[in-house]
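**Student:** Here's the letter readout for the chains.
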Amino acid sequence: MKTIDASNMHYRDLNAVVDAESLKEKNLIIKNVYGQRYIGRGLSCGIKMSVYGVAGNDMASYMNGAELEVFGNAQDALGNTMNGGKVVVHGNAGDTLGYAMRGGQIYVEGNVGYRVGIHMKEYNDMKPIIVVGGKAGDFLGEYMAGGVILVLGLNLDKDEDIIGRFCATGMHGGVIYLREKQDPYKFGKEASKVKLEDSDISFLKKQIGVYSKEFNKDLKHININSFSKYLAINKNPYANMYCVY
Amino acid sequence: MLKEGQVRIPSGCAISGIIDTKGNRFSGQEIIKSIDLMHERSNGLGGGFAAYGIYPQYKDLYALHIFYDNSEIKMKTESFLAEHFDIENAGNIPTRPVPGVVNKPLMWRYFVHPRTYMAREEFIDEDEFTARYLIRINKEYKGAYVFSSGKNMGAFKGVGYPGDIGRFFMLETYDAYMWTAHGRFPTNTPGWWGGAHPFTMLNWSVVHNGEISSYDANRRFVEMFGYKCTLQTDTEVITYLFDLLVRKHGMPIEKAIKVIVAPFWDDIERENKEIKIELKAMRTVYSSALINGPFSIILGYEKGMIALNDRIKLRSLVAARKDSKIYVASEESAIKIICNNPDKVWSPKGGEPVIALLEEGAQQ
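Taken in order, these protein sequences are the chains called A and B. Okay, so the first sequence: first residue is 18 according to my numbering, each after it adds one. Okay, so the second sequence: first residue is 6 according to my numbering, each after it adds one.
Bound conformation, chain A alone (with noise of 0.2 Å):
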């Protein structure tokens, strides 16, 4: 167990601590952060890491394999384009969360902001997943190509929504779940309505049971059947857009 401390210290210099220590230590903890960038990225399997205070925009991008909890909130750009491990949030996350992610786990306590999930992608076993305990701004799931969007809808105030408006625009692969049936004007014009399988019902059991574990809530009173789920309506809208007819 290593602790860094972060105060005043510029991103390069945290993250070349952080590298330096990764190759001794497997347990790093990371006190007094205040909005350094990059925390994390191109992390390999095996080192866990825990973040203190407010973490700066790109945290576990590249990640390849690390697990990162964060007992604050996230900024922006949280796991862009990871390829795997697990990051847990014991807060709120920012905009852009998991952009063009490739693979591993995203769990959010709280709310997250705009663009969520935009461009994540899936290949064979690599399956991303983000689960937000909250509500999700505008845009989740834009242009969204692969891997899983699980929205839990918990603690919100009446006015509050559990996604925006633009839901699920241009999405052409993977699926997004929200708890509720939700306004389909929320929604673009490429992702519909489909029935839950009992796969589905499966993973969402075992999804929810990772988040009350990780925050320690107990969620027995959700009724699995209430969410909806949404797929996209075509799979590859695009692969005529440059062919001569």
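If you are wondering where the hints come from, they were derived from the structure by calculation, not from laboratory data. Computed from a predicted model, the values in this text were never measured in an experiment. Quick reminder that beta carbons are idealized off the backbone N, C-alpha and C, glycines included. One or more of the hints may lead you astray.
What follows is a set of in silico ranges between Cβ atoms, one per label pair, in the way DEER data are often shown [unchecked claim]:
no. : chain 1 : residue 1 : chain 2 : residue 2 : range
1   : A       : 252       : B       : 327       : 43 to 51 Å
2   : A       : 20        : B       : 102       : 54 to 62 Å
3   : A       : 22        : B       : 348       : 45 to 53 Å
4   : A       : 172       : B       : 178       : 39 to 47 Å
5   : B       : 298       : A       : 252       : 27 to 35 Å
6   : B       : 298       : A       : 172       : 30 to 38 Å
Dock chain B against chain A, hints included.
**Tutor:** Same frame as chain A, but now just chain B:
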């Protein structure tokens, strides 16, 4: 220096703002610390601050901050000023040498009152008179730039990193009830002293992260009403739009916001009949005042500050509250570094303003 069209540097900017809604004044130290934290968002080609409540001893006079390229243009401009304004006090704006802030122009400050009989002869009020003659300086006096002209407020800006610009202008020696700040990473236009944010007009000031794709439509619109965009960047047009809508057309600020970030047509369709008619009328009459493109801005005026995103939130913006203070910034960390334990932190939706005004009866 490479001018617009000869150079392009892609990236973002940083903005930050603090107001004490009870009107308590505090020094520039906090805002410098906040904007300094977002160092990565600027590139040293511009930084600036707006401070409200800093000149209580001259609160009924217009405080003019002017950049001059040389003393010749200063003399010419001053004789024009003296012709149209009573100058109560004048002096250079105090600065201290700071590494990284170089090539400073001449910087002068004047506390003035318009010549009342001249305004009367033109059948305009003092604000309009002041605005018109200052626009003429920026337009006709090459090498002179009025960069601040409100009452009991001032803009401080230049080429450098924002923290350095704050230390250069010794902002820790001023007390304001509201501060806004900007770190610049110029994208399409040159980095020069007049082009740094904030952009002001009378009491209005705007700091802005983003770019306005509707710029030319907006520019043509405000120039029909006597404004002149002279500062080689898109942000100034936002300032003039608010000045036009609120001061000249007498629109309440909430409605002006609905013009600038007008709701989408299909969202308007879902409103009730009364609201629908009003929103449609506003979008139709003021179609050229709609700002499009990615932006987050902080607008300051004598009543307080308003933080605003474009409608689809293409730039980041976070807000927080602690007791009577409201904070807004591009990044949450820039708030937490000066207010570690806020009562509330939230991310405003696209097009949803954070309206942080002085309380009724707050001292200014």
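**Student:** Kindly confirm whether 45 to 53 Å is satisfied by the beta carbon distance between residue 22(A) and residue 348(B).
**Tutor:** violated (27 Å)
**Student:** Taking the CB of residue 298(B) and the CB of residue 172(A), does the distance hold inside 30 to 38 Å?
**Tutor:** This hint holds: roughly 35 Å between Cβ atoms.
**Student:** Given a hinted range of 39 to 47 Å, is it respected by the beta-carbon distance of residue 172(A) and residue 178(B)?
**Tutor:** holds (45 Å)
**Student:** Is 54 to 62 Å respected by the C-beta to C-beta distance linking residue 20(A) and residue 102(B)?
**Tutor:** Violated, since residue 20(A) and residue 102(B) (Cβ atoms, about 40 Å apart) do not stay within the stated range.
**Student:** Note whether the CB distance of residue 252(A) and residue 327(B) lies within 43 to 51 Å or breaks it.
**Tutor:** Given about 49 Å between the Cβ atoms, the range holds.
**Student:** Check the following: the C-beta atoms of residue 298(B) and residue 252(A) are separated by a distance inside 27 to 35 Å.
**Tutor:** holds (33 Å)
Violated hints, listed in ascending order, are 2, 3; each of the other numbered hints is respected by the structure.
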